[in-house]
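Number of protein chains: 2
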Amino acid sequence: MKFSPMTSFEGSRKVYLPGALHPDVRVPVREIALSDDKMPFLRVYDVTGPYTDAHALMDVGQGLPRLRTPWIVGRGDVTPGPQVSRPGVGCHARFPGVHAPLSAKPGCTPTQMAYARRGMVTPEMEFVALREGLDPDFVRLEVAHGRAIIPANINHPECEPMAIGRNFLTKINANIGNSALSSGIREELEKMLWAVRWGADTVMDLSTGKDIRTTREWIIRNSPVPVGTVPIYQALEKVGGKVGDLTWEAYRDTLIEQCEQGVDYFTVHAGVLQGFMPLVKKRLTGIVSRGGAILAKWMQIHAQENFLYTHFEELCEILKAYDAAFSLGDGLRPGSTHDANDEAQFAELKALGGLTRKAWAHDVQVMIEGPGHVPLNKIKENMDLQLEHCHGAPFYTLGPLVIDMGAGFDHVTSAIGAAVIGSLGTAMLCYVTPREHLALPDKDDVKEGIIVHKIAAHAADLAKGHPMAITLNDAMSKARYEFRWEDQYRLTLDPERSRRLREASLDAGQDPSARCCTMCGPDFCAMKITQEI
Amino acid sequence: MKFSPMTSFEGSRKVYLPGALHPDVRVPVREIALSDDKMPFLRVYDVTGPYTDAHALMDVGQGLPRLRTPWIVGRGDVTPGPQVSRPGVGCHARFPGVHAPLSAKPGCTPTQMAYARRGMVTPEMEFVALREGLDPDFVRLEVAHGRAIIPANINHPECEPMAIGRNFLTKINANIGNSALSSGIREELEKMLWAVRWGADTVMDLSTGKDIRTTREWIIRNSPVPVGTVPIYQALEKVGGKVGDLTWEAYRDTLIEQCEQGVDYFTVHAGVLQGFMPLVKKRLTGIVSRGGAILAKWMQIHAQENFLYTHFEELCEILKAYDAAFSLGDGLRPGSTHDANDEAQFAELKALGGLTRKAWAHDVQVMIEGPGHVPLNKIKENMDLQLEHCHGAPFYTLGPLVIDMGAGFDHVTSAIGAAVIGSLGTAMLCYVTPREHLALPDKDDVKEGIIVHKIAAHAADLAKGHPMAITLNDAMSKARYEFRWEDQYRLTLDPERSRRLREASLDAGQDPSARCCTMCGPDFCAMKITQEI
Chain A
248 MKFSPMTSFE GSRKVYLPGA LHPDVRVPVR EIALSDDKMP FLRVYDVTGP YTDAHALMDV
308 GQGLPRLRTP WIVGRGDVTP GPQVSRPGVG CHARFPGVHA PLSAKPGCTP TQMAYARRGM
368 VTPEMEFVAL REGLDPDFVR LEVAHGRAII PANINHPECE PMAIGRNFLT KINANIGNSA
428 LSSGIREELE KMLWAVRWGA DTVMDLSTGK DIRTTREWII RNSPVPVGTV PIYQALEKVG
488 GKVGDLTWEA YRDTLIEQCE QGVDYFTVHA GVLQGFMPLV KKRLTGIVSR GGAILAKWMQ
548 IHAQENFLYT HFEELCEILK AYDAAFSLGD GLRPGSTHDA NDEAQFAELK ALGGLTRKAW
608 AHDVQVMIEG PGHVPLNKIK ENMDLQLEHC HGAPFYTLGP LVIDMGAGFD HVTSAIGAAV
668 IGSLGTAMLC YVTPREHLAL PDKDDVKEGI IVHKIAAHAA DLAKGHPMAI TLNDAMSKAR
728 YEFRWEDQYR LTLDPERSRR LREASLDAGQ DPSARCCTMC GPDFCAMKIT QEI
Chain B
248 MKFSPMTSFE GSRKVYLPGA LHPDVRVPVR EIALSDDKMP FLRVYDVTGP YTDAHALMDV
308 GQGLPRLRTP WIVGRGDVTP GPQVSRPGVG CHARFPGVHA PLSAKPGCTP TQMAYARRGM
368 VTPEMEFVAL REGLDPDFVR LEVAHGRAII PANINHPECE PMAIGRNFLT KINANIGNSA
428 LSSGIREELE KMLWAVRWGA DTVMDLSTGK DIRTTREWII RNSPVPVGTV PIYQALEKVG
488 GKVGDLTWEA YRDTLIEQCE QGVDYFTVHA GVLQGFMPLV KKRLTGIVSR GGAILAKWMQ
548 IHAQENFLYT HFEELCEILK AYDAAFSLGD GLRPGSTHDA NDEAQFAELK ALGGLTRKAW
608 AHDVQVMIEG PGHVPLNKIK ENMDLQLEHC HGAPFYTLGP LVIDMGAGFD HVTSAIGAAV
668 IGSLGTAMLC YVTPREHLAL PDKDDVKEGI IVHKIAAHAA DLAKGHPMAI TLNDAMSKAR
728 YEFRWEDQYR LTLDPERSRR LREASLDAGQ DPSARCCTMC GPDFCAMKIT QEI
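Same order as they appear, the protein sequences are chains A and B. Following the numbering used here, the residues of the first sequence are numbered contiguously, the last one being 780. Following the numbering used here, the residues of the second sequence are numbered contiguously, the last one being 780.
Rather than coming from a laboratory, the hints here were simulated on the basis of the structure. Please note: incorrect hints may appear among the correct ones.
Identical copies go unnamed one by one, so any copy, or any two together, can satisfy a pair.
Unchecked claim - Straight-line distance between alpha carbons at most 25 Å, and here's what the computed SDA-like set of lysine to any residue pairs gives:
(1) K457 <-> L753
(2) K597 <-> V262
(3) K544 <-> G600
(4) K627 <-> I717
(5) K529 <-> P714
(6) K625 <-> T326
(7) K352 <-> E496
(8) K711 <-> E628
(9) K775 <-> N588
Isolated chain A (complex conformation) (with noise of 0.2 Å):
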């Protein structure tokens, strides 16, 4: 398969930042060059791996290079597993590569948590620390407490180590992956890679369609990311779509292949619980969590309770295995605001907590999903109680949207709750296109969806005072002020849609480094008054 190559972004480039601890970890930054004497460059955070390296030689059938396995390999605790993977059956886009999955060696457990709860500061996480300027041993403690995960699956080594906490900064997520009515493994590698170029932390792989096992062999090779997916999707297809032929044996046997393609986490809904259904018959929208509903159907139909919190403790010695992190999923999710911070929301929250509280027993990283549909003045309150019940493990929510008629604009909807759960302590948020609830996104939205999260982000990170959020904001005013119209373009999340909105509104021959813009022409700017003063 042919891509046209990830092309960096104007007037940056890639360099590393080279670990102390580990001579091998290069971390790396994308380096914004700026007319400003007194900052002729800043470095900023990049997720979009070796595709910007000017020098790097990419070849996506046989996926990015691996920089992780020295470090795998050299802790001495994983081998080559058993494989239950098996090569997609009759698909025509196989991947290429070789993929050689390994576990933990018996007696071992090969997790970040493990390592940092032992006092060993891993490569990951000074990866992680130069990444975010903090100090090794801090990105150790806060994986140890669980407050922050490092997902990073051993079959993964291709991603670029990155944590997810509320003292880190904030990160988004970006789903792609097709249904049953569209979309192949092309458009999902070419979604994943563009999410990536707009600054997506992790992808989520939420195929339900043909080849999902394919479709995801393609992504996780080619992701510097960290890609999670939601395996009940898969396991689900596995029996032929019919709920009641579910069984937990089917669900493992997927979760077992997924972890050793190399997903780095999972979203488990083991906390919708027969005793919490009664509870949502009072909704206005009942269940809007696809794995929810699904696992409600089941209890329904078998009378026995969810097999995910009868097996957990088993779930967690699968994913210790592997260092799969779990994403506990919010299968009772509200799915309208009228539904928000109801009882059954709150009692899967608290359940999710007893889950985590198992979960760290086994030294398996743990993070909480949350809502979903939520009113602004309800959204504090999530996170409070969040905090409370799931002892402090990181929060990734999606949105919240603020109000249910936003459709066509629902990114937008999202992204105003996503900023402001995010400044109380979201430590990841789940990316809203413009198509949720209409349609599958497609590039556009992808993007759209992306950046106004990205802008969610940094707003949550300004709030919090995150000296690197505050450095960009303060670059940018300054270039502003200064009517540095190139560094300006260069310092937004997207250069070239700033240019051109600017150019194209400029008269033919007129100097586009002008000191003023056609908002209020040269007589009437501001700041060009105030320096005259």
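Fit chain B to the given chain A structure using the hints.
Chain B alone, transformed into the frame defined by chain A:
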């Protein structure tokens, strides 16, 4: 001039609510037809005026019907005014209709505040009450106490009365107007109609370029919503753009001219004082308000106090004769998050509070303009101090933008801050478009800016528990849960867009009324599965 007629939204028709106190009050609302037995239609607030009345005959050369003339004249306190106004000279597009200005009879105060304080429930107040689902006497009390304004110049009888106050629906303003570099009368009139089409509650004509007066005449005569201006822009044009040549007399004559034309509210930067100038020097981005910068420069040139401050009593005398409202401008608003909530900003806010009391002593209505650029963690302080210093007068904020580096997407950075400050009690949100900081907005930008700020306003109303916001939201969620796609489209802010986004992704021949969308496909739709349980 010919314009394409403004079409109504699909599935909607205009109906009128009759006044009980005043039989000639007819309040337009948009009635959205729904296929829901329990709620066959939903009536929503409608700012579009006669344009979306299928029975109205429109002629932009004559202007809108003057619905308020009988009320204004009937009160017996106005008289044909001394005609300061002069038709536009040398302008090729003079407004052909006739407009004979009125002003107060000697000793009379034809302002809504004066009437309210005397216990009169005017037709304007009843109009507002019906629009907002409130008791007319509640409206009167809010106006009497200065907590709300009804901007309704006696020379803008075409305007449908509306209220700006924190106990009313949150309003949004759209800025239009040309600069020296771009845009003509026709474009600005089209922008006004376009802004109203998408839901702007007021428009401000910020023109600084050619034909300021004639442009404004076309806009006011055809605007069903209040029109605001910043008179110092035209005053400066009159003295050839030389700040040093500005005089109180030139400003006063301009203000009277605009009062006679029918401008409903004026941004007056009377709080930019000599004593505050040293505070500005500490800033990263100085003064970013055009009016603020002009006055700062004027004070420096003349070494005198701001003439708007020293002549404030005379300003009150002028505005009270026409029931024009003050929008006390924040000339020292921060232009970067770095400068937010600084001494300069709050010193001015306090000064505006003092001026508010002076205006109220004249029965002149007042609102207060607010920032600007403010990070999320500093928004609440702005609202709290505005309420405290300005004695409960309505707050009218620009954004605030919660980050500085969002150029190209500043409509979103603004909508985030606007939703938050709206939920805390800001009465009107000034929109920001995607071209903010880059260029004058085009029609697409105007629409985008309005819609995301309508979302912010709705999010604020929902957070405040406004019954109309809750009803609309729940109607949407119920339609979503029941897969009533047509109803969903109709309930969104842009029905055509939401329909297109969904239906473009359907396969040819697929039934658009299907109980699923391409996000999840038919087998993974959570709401469908839930309903099967």
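Hints versus structure:
{"no.": "1", "hint": "K457 <-> L753", "in the structure": "between (49 Å within a copy, 17 Å between copies)"}
{"no.": "2", "hint": "K597 <-> V262", "in the structure": "neither (44 Å within a copy, 49 Å between copies)"}
{"no.": "3", "hint": "K544 <-> G600", "in the structure": "within (23 Å within a copy, 60 Å between copies)"}
{"no.": "4", "hint": "K627 <-> I717", "in the structure": "both (24 Å within a copy, 20 Å between copies)"}
{"no.": "5", "hint": "K529 <-> P714", "in the structure": "between (45 Å within a copy, 20 Å between copies)"}
{"no.": "6", "hint": "K625 <-> T326", "in the structure": "neither (48 Å within a copy, 52 Å between copies)"}
{"no.": "7", "hint": "K352 <-> E496", "in the structure": "within (23 Å within a copy, 88 Å between copies)"}
{"no.": "8", "hint": "K711 <-> E628", "in the structure": "both (18 Å within a copy, 16 Å between copies)"}
{"no.": "9", "hint": "K775 <-> N588", "in the structure": "between (49 Å within a copy, 22 Å between copies)"}
Hint compliance for this structure: hints 2, 6 are not met, and every other hint is.
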